[in-house]
Amino acid sequence: MPLPGSQPGVLRDAFEVLTLQAGYNTNAVLAGSAMLGLAAGVVGVLALLRKRSLVADAIGHATLPGVVLAFLVAVALGGTGRSLPVLLLGAAASGVASVGCIFAILRFTRLREDAAIGIVLGVFFGVGVVLLSVVQDPVNTGGASPAGLHHFIYGQTAAMRAGDAMLMAALAVIAIIAVLVFFKELSLGSFNPDFARVQGYPIGALDAVVLGLVVLVTVAGLQAVGLILVISLLVIPPVTARLCTARLLHLMLIAGVVGVSTGFLGAAVSAVLPRTPAGSVIVLCGGAVFVMSLLVAPKHGAIATAGRRLVQRLRIAGDHFLEAAYDHRVTRRGQTAIPTRTVDAMQKLWGWPAWMRVLVLGRLRRRGLVRVTATGLELTEAGIANGARIARNHKLWEQYLLQYADIAPGHVDWSPDMVEHVLSPQLVAALEAALAEDPEVSP
Amino acid sequence: MTVAYQRKPVLWDVDYDAPARSLVAIVGPNGAGKSTLIKASLGLVPRATGLVEFWGEPFRCVRDRVAYVPQRESVDWTFPVSALDVVCMGRYRRIGWCRPVGRAHRNAAMACLERVGMADLARRQISQLSGGQQQRVFLARALAQEADLYIMDEPFAGVDAATERAIVALLSELRDAGKTALVVHHDLQTVPEYFDQALLLNMRVVASGPVDQVFTQENLQKTYGGKLTLLSEAAEAIARSDMRVR
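If you read the protein sequences in the order shown, they are chains A and B.
Letter 125 of the first sequence, counting from 1, is numbered 125 in the numbering used here, and no numbers are missing.
Letter 86 of the second sequence, counting from 1, is numbered 1086 in the numbering used here, and no numbers are missing.
The set of hints was computed from the structure by calculation and includes no laboratory data.
There could be a bad hint or two in this list.
These stretches of chain B come out as covered by chain A in the derived footprint (C-beta under 8 Å, 3 or more residues) [unchecked claim]:
1. 1056–1067
2. 1094–1104
3. 1192–1204
4. 1209–1215
Lysine to aspartate or glutamate pairs mimicking EDC-like chemistry, simulated, CA-CA at most 20 Å apart [as the list claims (entries may be wrong)]:
5. A:K51 with B:D1076
6. A:K51 with A:E185
7. A:K51 with B:E1073
Small disclaimer: the values here were computed from a predicted structure and weren't measured.
Backbone N, C-alpha and C define an ideal beta-carbon position, used for all residues, glycine too.
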């Protein structure tokens, strides 16, 4: 069986979808998913900072009984029960009720938030599943068909219409305006609620704004990604953005961009590949972006961290080399040449792999600290000065430990080999002052 | 004033009037209710009984004249804001709702950071500050409020020597400017040096007044001596029963 990607025309399909030429309905799905991603990304930042992301999960699961009850009520009142606004209204109502239950549990018991969320999430979802099985029996619904209600669990993005896309766009605009207007207050309330309360800010109302937005996004996302996965729309973009920035405004921006692009991309992929549920694909796109930024994020990414560590390691190894070469020069009375044989011995002593030797010596050469000669290497003037400084720092710290080790016994195991690389000029001056009378290290 | 958590009273019959224009240390062992006293005064925890007045008025009328410095551990320092952003929070009431932080307010916040010796770290993300620097950011935020009364919860806890000196200098600056400071403090030795007044607390007021009169061997014994005093035994008993605390 050929892979989906190898089918003829997939590339053309993909091009058409991505350039919005795949027809009105597909465009509506793309636009709707992108706008939902935007709204969820921005609101998700608020929820994450207020440490309410898991409440969003409870809200998502708690919408199920609301949907089914709304269906039953609508049927009882003589409708078909298929009106989307009615069902979503029910979802919102039970979502809000679940938040109320969580806070009631926190207020009246000694349970912590995670436990309260677990209870409410499970019980509401359980009630929803039971109700869902009840409405499967036509006797209970007076013959009205509940077909499609189960789509709220996993979502059915393809059912999105232009009107839904407009709704998502409106929601995104509301979320962005709310965030911009209350930016100061929301950030203060999340960072330091006690301080905000003392200042007279209505923390309860600010929390209600945040949770209200979370409920809106959750309910809006039910149709597209379903109640189980909607939490990931709210969580993944903000945490991805958090890896890339430490500034609140940028966090909002990046989370919004991640939300839009994963929403669009996920919907596009599922439009091109047959029988792939868009909701899950959107979430998977978000997950992929998250993993990618774990790797490539500018400061905290794995690659940046590994790079920083490597540079640090090379610097320290280079320092060791300069120090040894300097000592070598001292014992040889000003001989600046270091024969290849000696370099080999040093490499063996420190256990450098071959690549390490290449990188370390290359780095020293580029910095003009050593140069290559016919018989090996040679310290330059700058190299000699550097080696002298490192050797001196080493001695200073050693002397300091010898004299004052009893003052800070916990720090004695900081070997001179480690400390000599981090001594700042101020620290060196302080050490010199402390050891002024010691003849061995006096300049 | 009496305060109870989950029916267990932690402060009983506290009756204290802090003199204006002085530095007051609130001193007592762990669990004496020092932080609770502050939080209950500011309305952060409900009071079972009692009345708290600031300059003869209820707290909500004089919020702008009171600056609160919470315990450093009470917030999440990985929050994505800079030191300057946190200090600007002290100006939010002046700026008002729904308005961005203007240049004038930003400069005022910067000046406060300078007063605590943190101007060159203003742009640093707060998680990259040391504990003492974080504490100084909190102090700068309180300064930015330009209040008359400064209520500080353990500002000296776990700070380096430089920060301790900065706080002490700041306190005497505040005193010289005619302000009042109520400071929860745990280092008995430095109380006479740093403060004018002391409030010895152990679930109730043991003693209060000028430091040289209050800091007697007998009072300190009463405050710290015997962890399980009659009072806390009684509190345990009440917690076990279903009695309401009044």
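**Item:** Structure versus earlier hints - violations, ascending order
**Value:** 3, 4
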